[in-house]
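Residue numbers (my numbering), protein chains in the order written: chain Y, 1 to 542; chain Z, 543 to 770; chain V, 771 to 879.
Please keep in mind that the hints were generated in silico from the structure rather than gathered at the bench.
Incorrect hints may appear among the rest.
To be verified - A partial selection of chain Y residues facing chain V, derived with a Cβ cut-off under 10 Å:
(1) HIS186
(2) ILE210
(3) ASP244
(4) PRO245
(5) HIS250
(6) PHE254
(7) LEU302
(8) TRP304
(9) GLY305
(10) MET308
(11) GLY312
(12) GLN313
(13) SER314
(14) ILE320
(15) MET323
Stated by the list, open to error - Derived pair list, reagent style DSBU-like, types lysine-lysine, alpha-carbon separation capped at 35 Å:
(16) Y:LYS24 - Z:LYS731
(17) Y:LYS511 - Y:LYS420
(18) Y:LYS420 - Y:LYS24
(19) Y:LYS287 - Y:LYS511
(20) Y:LYS287 - Y:LYS345
(21) Z:LYS661 - V:LYS779
(22) Y:LYS24 - Y:LYS511
(23) V:LYS779 - Z:LYS731
(24) Z:LYS731 - Z:LYS661
Said to hold, decoys possible - Distance ranges between label pairs, derived from CB positions:
(25) Z:ARG730 - V:LEU824: 23 to 33 Å
(26) Y:PRO239 - Z:PRO736: 58 to 68 Å
(27) V:ARG861 - Y:ARG455: 25 to 35 Å
Yeah, the Cβ is synthetic: ideal placement off N, Cα and C, and Gly gets one too.
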Amino acid sequence: MSTATLEPRVHAQRNYLNADYGWKSWLFTLDHKRIALLYMVSVTFFFIVGGSFAVLMRIHLIEPQGALVQPETYNKLFTLHGVVMIFFFLIPSIPAVLGNFLVPLMVGARDLAFPRLNLLSWYIYIVGGLFTLYSAIAGGVDTGWTFYTPYSSTYSNTQVTAVAIGVFITGFSSILTGLNFIVTIHKMRAPGLTWFRMPLFLWAMYATSIIMVLGTPVLAITIFLLALEHLFHVGIFSPALGGDPLLFQHLFWFYSHPAVYIMILPAMGVVSEIIACFSRKRIFGYKIVCFSSVAIAVLGFLVWGHHMFVTGQSVYAGLIFSMLSFLVAIPSAIKVFNWTSTLYKGSISYEAPMLYALGFIGLFTMGGLTGLFLASLATDVHLNGTYFIVAHFHYIMVGGAVMGYLGGIHFWWPKISGRKYPNGWAALAAGIIFIGFNLTFFPQFILGYLGMPRRYAFYPAEFQVLNVMSSAGATVLGVGYLIPLVYLMWSMRYGPIAEANPWGATGLEWKTASPPPTENFAEIPVVTEEAYAYSAEEAAGD
Amino acid sequence: MTDAEAHAEQAGMAHQFENLEQQQEADTLGIWLFLVTEIMFFGGLFASYAIYRWLYFAAFEGGSHILDIRLGAANTIVLLGSSLTMALSVRSAQTGNRRALILFLIATMILGGIFLGVKAYEYNEKFVEHVVPSLDWAPEGQTLARLAPGGLDHAQLYFFFYFAMTGLHAMHMIIGMGLLLWLVLRARKSSFTPHYFAPVEVVGLYWHFVDIVWIFLFPLLYLIGGRY
Amino acid sequence: MSQPIVPQKTYLLVFLCLIGLTVLTTGVAFIDLGPFNTVAALAIAFAKMLLVVLFFMGVRHSSGLVRIILVAGFFWLALLIAFTMSDYRTRSWTPAPDSWSTTAPPTHP
Numbered sequence: 001m002s003t004a005t006l007e008p009r010v011h012a013q014r015n016y017l018n019a020d021y022g023w024k025s026w027l028f029t030l031d032h033k034r035i036a037l038l039y040m041v042s043v044t045f046f047f048i049v050g051g052s053f054a055v056l057m058r059i060h061l062i063e064p065q066g067a068l069v070q071p072e073t074y075n076k077l078f079t080l081h082g083v084v085m086i087f088f089f090l091i092p093s094i095p096a097v098l099g100n101f102l103v104p105l106m107v108g109a110r111d112l113a114f115p116r117l118n119l120l121s122w123y124i125y126i127v128g129g130l131f132t133l134y135s136a137i138a139g140g141v142d143t144g145w146t147f148y149t150p151y152s153s154t155y156s157n158t159q160v161t162a163v164a165i166g167v168f169i170t171g172f173s174s175i176l177t178g179l180n181f182i183v184t185i186h187k188m189r190a191p192g193l194t195w196f197r198m199p200l201f202l203w204a205m206y207a208t209s210i211i212m213v214l215g216t217p218v219l220a221i222t223i224f225l226l227a228l229e230h231l232f233h234v235g236i237f238s239p240a241l242g243g244d245p246l247l248f249q250h251l252f253w254f255y256s257h258p259a260v261y262i263m264i265l266p267a268m269g270v271v272s273e274i275i276a277c278f279s280r281k282r283i284f285g286y287k288i289v290c291f292s293s294v295a296i297a298v299l300g301f302l303v304w305g306h307h308m309f310v311t312g313q314s315v316y317a318g319l320i321f322s323m324l325s326f327l328v329a330i331p332s333a334i335k336v337f338n339w340t341s342t343l344y345k346g347s348i349s350y351e352a353p354m355l356y357a358l359g360f361i362g363l364f365t366m367g368g369l370t371g372l373f374l375a376s377l378a379t380d381v382h383l384n385g386t387y388f389i390v391a392h393f394h395y396i397m398v399g400g401a402v403m404g405y406l407g408g409i410h411f412w413w414p415k416i417s418g419r420k421y422p423n424g425w426a427a428l429a430a431g432i433i434f435i436g437f438n439l440t441f442f443p444q445f446i447l448g449y450l451g452m453p454r455r456y457a458f459y460p461a462e463f464q465v466l467n468v469m470s471s472a473g474a475t476v477l478g479v480g481y482l483i484p485l486v487y488l489m490w491s492m493r494y495g496p497i498a499e500a501n502p503w504g505a506t507g508l509e510w511k512t513a514s515p516p517p518t519e520n521f522a523e524i525p526v527v528t529e530e531a532y533a534y535s536a537e538e539a540a541g542d
Numbered sequence: 543m544t545d546a547e548a549h550a551e552q553a554g555m556a557h558q559f560e561n562l563e564q565q566q567e568a569d570t571l572g573i574w575l576f577l578v579t580e581i582m583f584f585g586g587l588f589a590s591y592a593i594y595r596w597l598y599f600a601a602f603e604g605g606s607h608i609l610d611i612r613l614g615a616a617n618t619i620v621l622l623g624s625s626l627t628m629a630l631s632v633r634s635a636q637t638g639n640r641r642a643l644i645l646f647l648i649a650t651m652i653l654g655g656i657f658l659g660v661k662a663y664e665y666n667e668k669f670v671e672h673v674v675p676s677l678d679w680a681p682e683g684q685t686l687a688r689l690a691p692g693g694l695d696h697a698q699l700y701f702f703f704y705f706a707m708t709g710l711h712a713m714h715m716i717i718g719m720g721l722l723l724w725l726v727l728r729a730r731k732s733s734f735t736p737h738y739f740a741p742v743e744v745v746g747l748y749w750h751f752v753d754i755v756w757i758f759l760f761p762l763l764y765l766i767g768g769r770y
Numbered sequence: 771m772s773q774p775i776v777p778q779k780t781y782l783l784v785f786l787c788l789i790g791l792t793v794l795t796t797g798v799a800f801i802d803l804g805p806f807n808t809v810a811a812l813a814i815a816f817a818k819m820l821l822v823v824l825f826f827m828g829v830r831h832s833s834g835l836v837r838i839i840l841v842a843g844f845f846w847l848a849l850l851i852a853f854t855m856s857d858y859r860t861r862s863w864t865p866a867p868d869s870w871s872t873t874a875p876p877t878h879p
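With the rest of the complex left out, here is chain Y (with noise of 0.2 Å):
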């Protein structure tokens, strides 16, 4: 068999995928490296169960009187479609799959501090998504994944208790991770790696990790008192028993809203390591952007009213809250100058990783500054309720999240699998998912200003050319997602053999072989470089 490669490769035929074979040694497995791959295929799964619900619902809606379902079964898909990509697509995605898998051999360990705990985070992801998957078989459920009460507590009959154990349980997934990230951050970095040389997309893990370990527990009480009060009608969320409303959403929202920096914060730790690598820079203002990624987790925890602005919640509050989320735009747009700065006078070059960490940019940047018009009181309260809403967290969503994900599995792809991917066929998914998006969602900014309501399973008629835009993109946007499946899962087999650093980037990952051997290295390396020392003029230079 002969392999072309660039450097020979060290540990040639032993690595984490070859170690040991046969379903007990994945199902079992402590390896980081294979608990992040079983993560892949889980969060792939999902990402396909929930884009169907996604899928049926644009061809619905591609007559304004509805084309496919029944309304309540319409309200089904939302919330099913919702609960799952947030849940258990977009919350572990970049985490538990990129993060799992890098954050060792980024900080030059064998593994994390909890491997066992890291097992049980997945089983726990699991068992989670089968109680999701059995309220949608079951029935489904029809409250919108945000479960407003009373409707979700007192007058839906839909299987409100079977989602809530799913997503209470998957939470705790969330928690072990973050938990697991962040001791490992503080206890075993590798000697030489202080907190000031360590790769961005760890300082992003480390901010995400705080979300998830303070917000997380709050949703999993609220989830637990409204499954109690569904089951027991006691009116703790019921206004008939004295109870209120707001109160759920107040509590469940101090989650949410710091679960979208969740979201978002790996994907711009993936974007910050693409950038540097693709301009062969030292990331602009480095300090500044780790800065940033702790100031976004920790306002992240002070907006969440912003959701709340038109329910008969304080006005003062409002104003509070509205003032807050201002603030927290800026360390985004920060990093978003950061990174351009790293471009300015950078050597660029455009493979698949590259294409879609500047995709990324744009989007977020157009997500970003959709939220500034939200976090206005005034005019949120027009916006409010509208497909505005929809396009703008969307394209924070898909726009960045996704694009952040699926750049970082196309940059770490090699040391992942040991394998190359054919370029051509992934700049051309690239490009077909940026279109697609685009014409999925930009038309959803028209129809929001001019007031169509989202969660409506029909729509005034002279909203039908938009909607049908929008459909098509959805279209595009899905023969786009199906292409890196099929290139990526032919590499596995027919790929090139990848070397140890085929980008030439820098970093403690791309020091040991691809793919890595169990022990991740033959011997914990030292460091002695700053953090993107791609080249020592140009790492003076900023």
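Following the hints, put chains Z and V in place on chain Y, whose structure we already have.
Relative to chain Y, chains Z and V alone:
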């Protein structure tokens, strides 16, 4: 490194760590982070409680006066005692005193069991007085007289919090009892040495946390508005 | 955890303080202090918690990182309670104007 140290190192150290000290620091950090998640978990309940207590103070006061303050105070002391014995058991592990470790762990379990027994009795009393939300809500006589001024619906909210908060606390205690039993079994097999007793310390921190939750639950549930 | 070994007497003393504070808080509940009953109860509970945290949980000797984590946990809980409470407390500051009234709901498409 001496052979004894090397052996101790190997005895309890996991492969991803460089040395036992790193593992112990990681374990400590891990349990503290977990306790922070528990603070936020209970915290959501405390926050909800705070809101409704402020909104419906009279009803909460009435509900509180139905609880037996002497039982609550006695139970508080029992639980504090279990924290004492838990701290002493960790100390016994630190000093390598296996017999004392086992005895103090068992003492902790006994005190924890007493606490749960008293709670079970109190729960039963709530059924007797028919103040269990949704399941058996039909207060009568003097109980009704105490609850009516604040509004019966809001009083039901109070008892919901009573059961939810003490129930969640009790669940944590039961898990703690299980952990204590596990420690006793391991201690009997001489798994712990003065160099390696992290599980004892970790369970101890958990147990103290559960005690702290009760330190707040007692005044918040039993002592509302005073009994003058 | 290379923590110093705390003498048994210290633990015993802390326990006695905790009992004392429990008796105190129970006793104070029988005295009418108005709104300060709540303040006193919470203050005493806080003191008991400090004793357990510092002595039984060993935070007196623990690293700065552990202390920051602990403080952060309580601080975050305080944020949750404070911000949520601020909504409830300030709702009445802007009652709906009398000139607004509910009319018949708009017809749906």
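Structure-based check of all given hints:
The criterion of a C-beta within 10 Å of any C-beta in chain V is met by Y:HIS186, whose closest approach is roughly 7 Å, and the hint holds. Below 10 Å, beta-carbon pairs count as interface contacts, and Y:ILE210 has one with chain V at about 8 Å; its hint therefore holds. This hint holds: Y:ASP244 has a C-beta 8 Å from the nearest C-beta of chain V, less than the 10 Å allowed. Restraint check, Y:PRO245 versus chain V: the minimum CB separation of about 13 Å is more than 10 Å; hint violated.
Annotation: Y:HIS250 was flagged as interfacial toward chain V, and the flag holds, the nearest CB pair being 5 Å apart, inside 10 Å. Because the closest C-beta pair between Y:PHE254 and chain V is about 6 Å apart, less than 10 Å, the hint holds. Satisfaction of the interface hint for Y:LEU302 is found here, the shortest Cβ-Cβ separation to chain V being roughly 7 Å, below the 10 Å cut-off. Because the smallest distance between the Cβ of Y:TRP304 and any Cβ of chain V comes to about 8 Å, under 10 Å, the interface hint for this residue holds.
Residue-level restraint check for Y:GLY305 holds (minimum Cβ-Cβ distance to chain V is 7 Å; threshold 10 Å). The interface hint given for Y:MET308 is met, as the beta carbon of that residue sits about 8 Å from the closest beta carbon of chain V, less than 10 Å. For Y:GLY312, the suggested interface contact is upheld, since its CB lies about 8 Å from the closest CB of chain V, less than 10 Å. Taking 10 Å as the C-beta cut-off, the interface hint given for Y:GLN313 holds, the closest approach to chain V being about 5 Å.
With its C-beta approaching chain V no nearer than about 4 Å, Y:SER314 sits inside the 10 Å limit, and its interface hint holds. Residue-level restraint check for Y:ILE320 holds (minimum Cβ-Cβ distance to chain V is 7 Å; threshold 10 Å). For Y:MET323, the shortest C-beta to C-beta distance to chain V is roughly 13 Å, which exceeds 10 Å, and the interface hint is violated. The hinted pair formed by Y:LYS24 and Z:LYS731 meets the criterion: a straight-line CA distance of about 30 Å does not exceed 35 Å.
As the CA atoms of Y:LYS511 and Y:LYS420 are separated by approximately 17 Å, the hinted pair is consistent with the 35 Å bound. For the hint linking Y:LYS420 to Y:LYS24, the alpha-carbon distance of about 28 Å falls within 35 Å, and the restraint holds. Between Y:LYS287 and Y:LYS511 the alpha-carbon distance is near 24 Å, which keeps this suggested pair within the 35 Å criterion. A threshold of 35 Å between alpha carbons decides the hint, and for Y:LYS287 with Y:LYS345 the separation of about 20 Å falls inside it, so the pair holds.
A threshold of 35 Å between alpha carbons decides the hint, and for Z:LYS661 with V:LYS779 the separation of about 30 Å falls inside it, so the pair holds. Proximity of Y:LYS24 to Y:LYS511 is assessed by CA-CA distance (about 30 Å); at most 35 Å being required, the pair is judged to hold. For the given pair, V:LYS779 sits about 29 Å from Z:LYS731 by alpha-carbon distance, which is consistent with the 35 Å threshold. Between Z:LYS731 and Z:LYS661, the direct Cα distance comes to roughly 33 Å. Compliance with the 35 Å bound is thereby established for this hinted pair.
Judged by the Cβ atoms, the range 23 to 33 Å given for Z:ARG730 and V:LEU824 holds: they are separated by roughly 31 Å. In this structure the supplied range 58 to 68 Å holds for Y:PRO239 paired with Z:PRO736, their Cβ-Cβ distance being about 59 Å. Separation of V:ARG861 from Y:ARG455 is about 26 Å and conforms to the stated range, judged on CB atoms against 25 to 35 Å.
When the structure is compared with the earlier hints, violations turn up for hints 4 and 15 and for no others.
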